[in-house]
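From first to last, the protein sequence lines are chains A and B. Sequential numbering of the first sequence, starting at 1021, is according to my numbering. Sequential numbering of the second sequence, starting at 30, is according to my numbering.
Honestly, the hints are just simulated from the structure, not real lab data. Ideal Cβ placement from N, Cα and C applies to all residues, glycine included. Treat the hints with caution; some may be incorrect.
[Said to hold, decoys possible] To give an idea of the interface, some chain A residues facing chain B are shown, with a C-beta separation under 7 Å as derived from the structure:
#	residue
1	Phe1054
2	Ser1060
3	Ser1063
4	Pro1064
5	Leu1066
6	Ser1069
7	Phe1121
8	Gly1122
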Amino acid sequence: QKEVEQNSGPLSVPEGAIASLNCTYSDRVSQSFFWYRQYSGKSPELIMSIYSNGDKEDGRFTAQLNKASQYVSLLIRDSQPSDSATYLCAPWMDSSYKLIFGSGTRLLVRP
Amino acid sequence: NAGVTQTPKFRILKIGQSMTLQCAQDMNHNYMYWYRQDPGMGLKLIYYSVGAGITDKGEVPNGYNVSRSTTEDFPLRLELAAPSQTSVYFCASSYTTVYEQYFGPGTRLTVT
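Required output: the full structure, derived from the provided sequences and hints.
Listed below in structure tokens is the structure:
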């Protein structure tokens, strides 16, 4: 089992729709979770962090965490073409004391 | 603040050559990291440092070396370059381990 699993996509949504990105992880004791956005040819940039079960909202972005299910998701409301990028899920793995990155989900927002 | 800076942006190496990728940060972060990213893949940790004089191996350290003589700088050395080292290399830093990491712009390296 991979430490972090994400659907590679591409996930295609129309402009204005909600994009839902999912991630599962293997470390049962992970406490910190991060979502990074990476435009093609650019470096990753942090868009959300979440540490507790439940939802965390920041503008059009909502991160959802369910530690019992080892599942974290990112919702993007009112998707814009500028949201087209690869989204990397990165849980902090307490077992190995490292941040482990998923291979990312490519999101395409159609105008 | 410049954040995390990396040089060079691009480099082509011949097999067997050596080079140093430079990384510097001006945020006074103790923790610094080197990752590589192959096409369509996630980031793999090469080496990391928890402070000046302290470094440790990540997932894929073979073929690389690091040093950390100051808080600001964390160079990555490639010895005897191989085609398998063709990748994009990112340097990152963070305040502590569980806080967000800030990334440099990357170095695109091709070994032929």
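Hints versus structure:
Interface hint at Phe1054 of chain A: satisfied, since its Cβ lies 6 Å from the closest Cβ of chain B, which is below the 7 Å cut-off. This hint is violated: Ser1060 of chain A has a C-beta 11 Å from the nearest C-beta of chain B, more than the 7 Å allowed. For Ser1063 of chain A, the suggested interface contact is upheld, since its CB lies about 4 Å from the closest CB of chain B, less than 7 Å. About 5 Å separates the beta-carbon of Pro1064 of chain A from the nearest beta-carbon of chain B, less than 7 Å, and the hint is met.
A distance limit of 7 Å between C-beta atoms decides the matter here; for Leu1066 of chain A the minimum to chain B is near 5 Å, and the interface restraint holds. The interface hint given for Ser1069 of chain A is met, as the beta carbon of that residue sits about 6 Å from the closest beta carbon of chain B, less than 7 Å. With its C-beta approaching chain B no nearer than about 4 Å, Phe1121 of chain A sits inside the 7 Å limit, and its interface hint holds. Contact between Gly1122 of chain A and chain B, as hinted, is supported at the beta carbon level, the nearest pair being about 5 Å apart and thus within 7 Å.
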